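*Asks:* Residue-level listing of the chains:
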Amino acid sequence: MSDRASAPAAATRLVEQVRERATAGEAPRPVPGWRSAVAPVGVLVVLAALPYVSVPLPGVLPGLVNSPGSMQLLALCLVFGGVALSYDLLFGRTGLLSFGHALFVAAGSYTAALALARPGVGLAAAVGAAVVVGVLLPLLVGAVALRVTGIAFAMVTLAFAQAGSILVLRNPGGLTGGEEGLPLNRVGLPDLLVGVANAPYRYWLALAYLALSWAVVAWLVRSRVGHIWAAARENPERVAVLGLSVYRAQLLAVLVGGLLGTLGGVAHLLVVGGATPSLTTSELTLGLLVMVVLGGAGSRWGAVLGGVLYTYLDNRLLELAGSNAVAGLPAVLRVPLSEPTFVLGALFVAVVFFAPGGLVGLLRRRTTRAGS
Amino acid sequence: MLLLATGLGLGALYFLVASGLSLIYGLMGVLNFAHGAFLAAGAYAAWWAASGGLPGAGGDGWGFVLATAFGVAVGAVVGAGVELLLIRPLYRRHIEQVLVTVGLGLVGVALLRGIWGADPLPFPRPQIAAGVTTIGGAAIPNDRFVLLVAAAVVLLGLLALLRFTRIGLIIRAGVENRSMVEALGIDVRRTFTLVFALGGAVAALGGVLGSVYLGSVSPGQGTSLLIFAFIVVVIGGLGSLTGSAVAAVVVGLVQQLANYYTASGVGDLSVVLLLALVLLVRPGGLSGRAAA
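Here the protein sequences line up with chains Z and P, keeping their order.
The opening residue of the first sequence carries number 18 in our numbering; numbering runs sequentially from there.
The opening residue of the second sequence carries number 3 in our numbering; numbering runs sequentially from there.
Because the hints were derived from the structure by calculation, they are not lab data.
Hints should not be assumed to be uniformly reliable.
Stated by the list, open to error - Every beta carbon over 10 Å from chain P, so not counted as near; a handful from chain Z, in silico:
{"#": "1", "residue": "I168"}
{"#": "2", "residue": "M172"}
{"#": "3", "residue": "W221"}
{"#": "4", "residue": "V233"}
{"#": "5", "residue": "G260"}
{"#": "6", "residue": "L303"}
Stated by the list, open to error - Simulated restraints, written as ranges between beta carbons of each label pair:
{"#": "7", "chain 1": "Z", "residue 1": "L350", "chain 2": "P", "residue 2": "A120", "range": "18 to 26 Å"}
{"#": "8", "chain 1": "Z", "residue 1": "L350", "chain 2": "P", "residue 2": "Y263", "range": "33 to 41 Å"}
{"#": "9", "chain 1": "P", "residue 1": "R90", "chain 2": "Z", "residue 2": "G191", "range": "48 to 56 Å"}
As the list claims (entries may be wrong) - Listed next, the stretches of chain Z that the computed footprint assigns to chain P, with coverage defined by at least 3 CB atoms under 8 Å from CB atoms of chain P:
{"#": "10", "stretch": "174-185"}
{"#": "11", "stretch": "306-320"}
None of the values given here were measured: they were computed from a predicted structure.
In this text, a Cβ means the ideal position worked out from N, Cα and C, and glycines have one as well.
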């Protein structure tokens, strides 16, 4: 505990702010028992039924809702919804500001891609390999990084992720494919996940991943360790005085968050059809941070909503940027609109300023005001 | 020799970026993720001025000095503007301030990319930086010396500012204990703007010289430098200028030497390893003070 006790005032202040920030979007009162599961299960059913909907949504989706293009886009959105959920487990729930989450996502994607590239390896074995990596890597990173707190924790995780990014880009022994990334070898995959026409199956896979992340996070947050996370987020010294190990609880958070992130990497690989080095960069981690804050930190709905919305806008705005409507605008409007990052970044700054609890916090405030 | 000079030159570049970050963090507790955007803004402003945007400025001689000055001024204005408009309203809410700078970093880089395209643009190379000097039998490009001299001037200038002026006194006191300074009836917030402007100006200078060194300017170059600048700041100890200078030299040399004597990329990795080691052994960084 000497680390923590000697942690200087500035860092403590920052961590306090993280906590304050993180609790802003939290539900005021949890709905007891089975009723809290009604809304998620309902949404899950609706989402699972989407591949049967052949309705065009012009301007919202490319083509029919169940066309391969739309399914692909929606699947990507769901994958990032799940990854944002895993990041929120660290940032929102535990108050750990990690800048290294990209490492875990990339590890999942590359491990599975490398495993599938070997002859005779099936999907199950590839996922198994990714799970092994997804347990060991977060344990290593967490064990080292959790020895420090606050900004130093962020920096150590950033350093690890940066090391991973450099490794992937340098392409040791032709293993990672450098800037090109790795193509997905589809020989070992079940037929259902291969081919343009089977996009709905990949969509369901992404949905299953999101549901798994949701269930794990929902379960853990309500468990004993979930309460330790929340308590340590508010006041680590007090938790330690109570005789509980903050280190061990936070290591578990890094482990679970990392493992879910790794699985997200696998899902991303299967949906996108390749492992790309852009997954390893700090931009991905910053993107996750933006997603979680945008939606509302410390809230499952917030993280998922943020992840889905961010990915959707990132993809759709790119198409909007290339459209004729934008090309006809004067330069003052055209230049910013042609860059999705600009729009997303500006939206993000606006949310930080005007809606501290994220979009979900905004909705909640509105409903409580209407109710009272 | 060439390796040493290149390593030192790289270290100088890191220091130029890191000094602003370190000052801002030390005084305000804000880790400025928009610093890379400041740097790119300065570099693009200088490029714009040098390629005919500003009368009198050019790619060589005094024209280049003028272009550089313009870039630095833009950096300072951007820094001060960001502080006034976006950071100040979120006074004392550090995590929000950090998040805003993250967003700004994205927005700034995207804006530059939208205006001038994502590809690197050729950057003018003034005569003085283009030549080589022979020391100990090794031909060393002069741009390394330009970087070193600039970094030394900035370091000495900042140290002198901190030591001998009233503003410097307030900044130093603010880094030590901000509430006490406020309790004495001094408006620390005015120095915040100044520190942001200073950081923006120095980052812009780093951007211009870095572009001379690379021979081109691209929207993303600030962001890639930023990560190493973070590492330098943390190794040096957040808020300590001399610590940053020492760490910048160490990081630059380690990176160059390891990249040369082993495989390329090992240098970058060893820098990362160095950071992890320093943080675990001395969580306060080399200067062993202030924030962890």
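*Asks:* Compare the structure with each hint and give your call.
*Replies:* Results for each hint:
1. At the 10 Å boundary, the C-beta of Z:I168 falls inside the reach of chain P, the nearest C-beta of that chain being 6 Å off.
2. The claim that Z:M172 lies off the interface is violated: its Cβ sits roughly 5 Å from the closest Cβ of chain P, which falls inside the 10 Å cut-off.
3. At roughly 32 Å from the closest C-beta of chain P, the C-beta of Z:W221 stays outside 10 Å, upholding its exclusion from the interface.
4. Distance check on Z:V233: its Cβ is at least 26 Å (rounded) from any Cβ of chain P, clearing the 10 Å threshold; non-interface status holds.
5. Under the 10 Å C-beta cut-off, the non-interface status given to Z:G260 relative to chain P holds; the minimum distance is some 25 Å.
6. Against the 10 Å criterion, Z:L303 falls within the reach of chain P, whose nearest CB is about 6 Å from its own CB.
7. For Z:L350 paired with P:A120, a C-beta distance near 20 Å keeps the hint of 18 to 26 Å intact.
8. The hinted range of 33 to 41 Å is not satisfied by Z:L350 and P:Y263, whose Cβ atoms lie roughly 52 Å apart.
9. Between P:R90 and Z:G191 the beta carbon distance is about 51 Å. The supplied range of 48 to 56 Å therefore holds.
10. With 7 residues having a Cβ less than 8 Å from any Cβ of chain P, the stretch 174-185 of chain Z passes the three-residue criterion, so the hint holds.
11. Chain P is given as covering the stretch 306-320 of chain Z, and this holds because 3 residues of the stretch bring a CB closer than 8 Å to a CB of that chain, at least three being needed.
Against the hints set out earlier in the document, violations occur for numbers 1, 2, 6, 8.
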